[in-house]
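A.B. asks: Chains V and A supply the protein sequences, listed in that same order.
Quick note: the first sequence uses this note's numbering, first residue 228, plus one each step.
Quick note: the second sequence uses this note's numbering, first residue -16, plus one each step.
Bear in mind the hints are in silico, worked out from the structure with no lab data behind them.
The beta carbon of each residue, even a glycine, is placed where N, CA and C say it ideally should be.
Mixed in with the good hints, there may be bad ones.
What the hints assert, rightly or not - Below, simulated DSS-like cross-link-like pairs (lysine-lysine); rule was C-alpha separation at most 27 Å, straight line:
no., chain 1, residue 1, chain 2, residue 2
1, A, K(-14), V, K236
2, V, K284, V, K241
3, A, K84, V, K284
4, A, K53, A, K(-14)
5, V, K284, A, K(-1)
Stated by the list, open to error - One-sided excerpt, in silico: chain A residues whose CB lies under 7 Å from chain V:
no., residue
6, G26
7, Y37
8, E39
Said to hold, decoys possible - Just so you have them, the derived chain V footprint on chain A, three or more residues with Cβ under 8 Å:
no., stretch
9, 42 to 52
10, 63 to 71
So you can see what is in the structure, the chains are spelled out below.
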Amino acid sequence: NAGVTQTPKFQVLKTGQSMTLQCAQDMNHNSMYWYRQDPGMGLRLIYYSASEGTTDKGEVPNGYNVSRLNKREFSLRLESAAPSQTSVYFCASSERGLTYEQYFGPGTRLTVT
Amino acid sequence: AQKITQTQPGMFVQEKEAVTLDCTYDTSDQSYGLFWYKQPSSGEMIFLIYQGSYDEQNATEGRYSLNFQKARKSANLVISASQLGDSAMYFCAMREGGDYKLSFGAGTTVTVRA
């Protein structure tokens, strides 16, 4: 049981390049999320998917797109990377229950030069 | 407006002592949930403890307890008998109503001294 996995772990991009961050969970959760973490700002929600087939914007969606490929997988795409997108990206998943606790992946450290 | 405020950027605590991390929140919902997560230097996010707005008792999980003061809108984390492995960043977070999303505070760095 791997929980939430993310690839890649590290990535360096040049300004204007595109890339897709992959996320998969094996807990049969309905909801999945993408966050970014910047120093001194905590985690901010980029996009989320409450259930398969739905996606919604979070607090900081500009410059990103997402795809909920199936129940397991939720990808985040940067179409034209900018230095302001240098950050650590976390994927998370959760299920309806007592707490709606979110389980996090290990993170992807992205640097845009 | 900030939904979650953590006013202590960094704290030092002596091993075996207790430490309290402050968290205040802002919501107009009657139903909400409060979470604490730990992020060690390795980077992963580890769930510690949860408190629901209707829970009458303060939540406890081992050495972690949540001091929930609803009228003051505070949800402070208490770590008892600190260990060197408790050195990490700690985040307070909130879920409102039936929403799935979490709002996070800026975090507090705890350093445990031997």
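A.B. asks: A separate judgement is required for each hint: does it hold in the structure or not?
C.D. replies: Hint by hint, here is what the structure shows:
Taking the CA atoms of K(-14)/A and K236/V, the gap is near 30 Å; set against the 27 Å cutoff, the hint is violated. Straight-line distance between C-alpha atoms of K284/V and K241/V comes to about 25 Å, which keeps the hinted pair within the 27 Å bound. For the hint pairing K84/A with K284/V, the CA-to-CA distance comes to about 11 Å; that is within 27 Å, so the pair holds. Restraint check for K53/A and K(-14)/A: satisfied, since their Cα atoms lie roughly 15 Å apart, inside the 27 Å limit.
Straight-line distance between C-alpha atoms of K284/V and K(-1)/A comes to about 43 Å, which puts the hinted pair past the 27 Å bound. A distance limit of 7 Å between C-beta atoms decides the matter here; for G26/A the minimum to chain V is near 5 Å, and the interface restraint holds. The beta carbon of Y37/A comes no nearer than 11 Å to any beta carbon in chain V, farther than 7 Å, and the hint placing it at the interface is violated. A cut of 7 Å between beta carbons decides the hint on E39/A: the least distance to chain V is about 15 Å, and the hint is violated.
Counting residues of the stretch 42 to 52 of chain A whose CB lies closer than 8 Å to any CB of chain V gives 0, which falls below the minimum of 3, so the coverage claim is violated. Check result for the stretch 63 to 71 of chain A against chain V: violated, 0 residues qualifying (beta carbon to beta carbon below 8 Å, three or more required).
In this structure, the hints that do not hold are numbers 1, 5, 7, 8, 9 and 10, in rising order.
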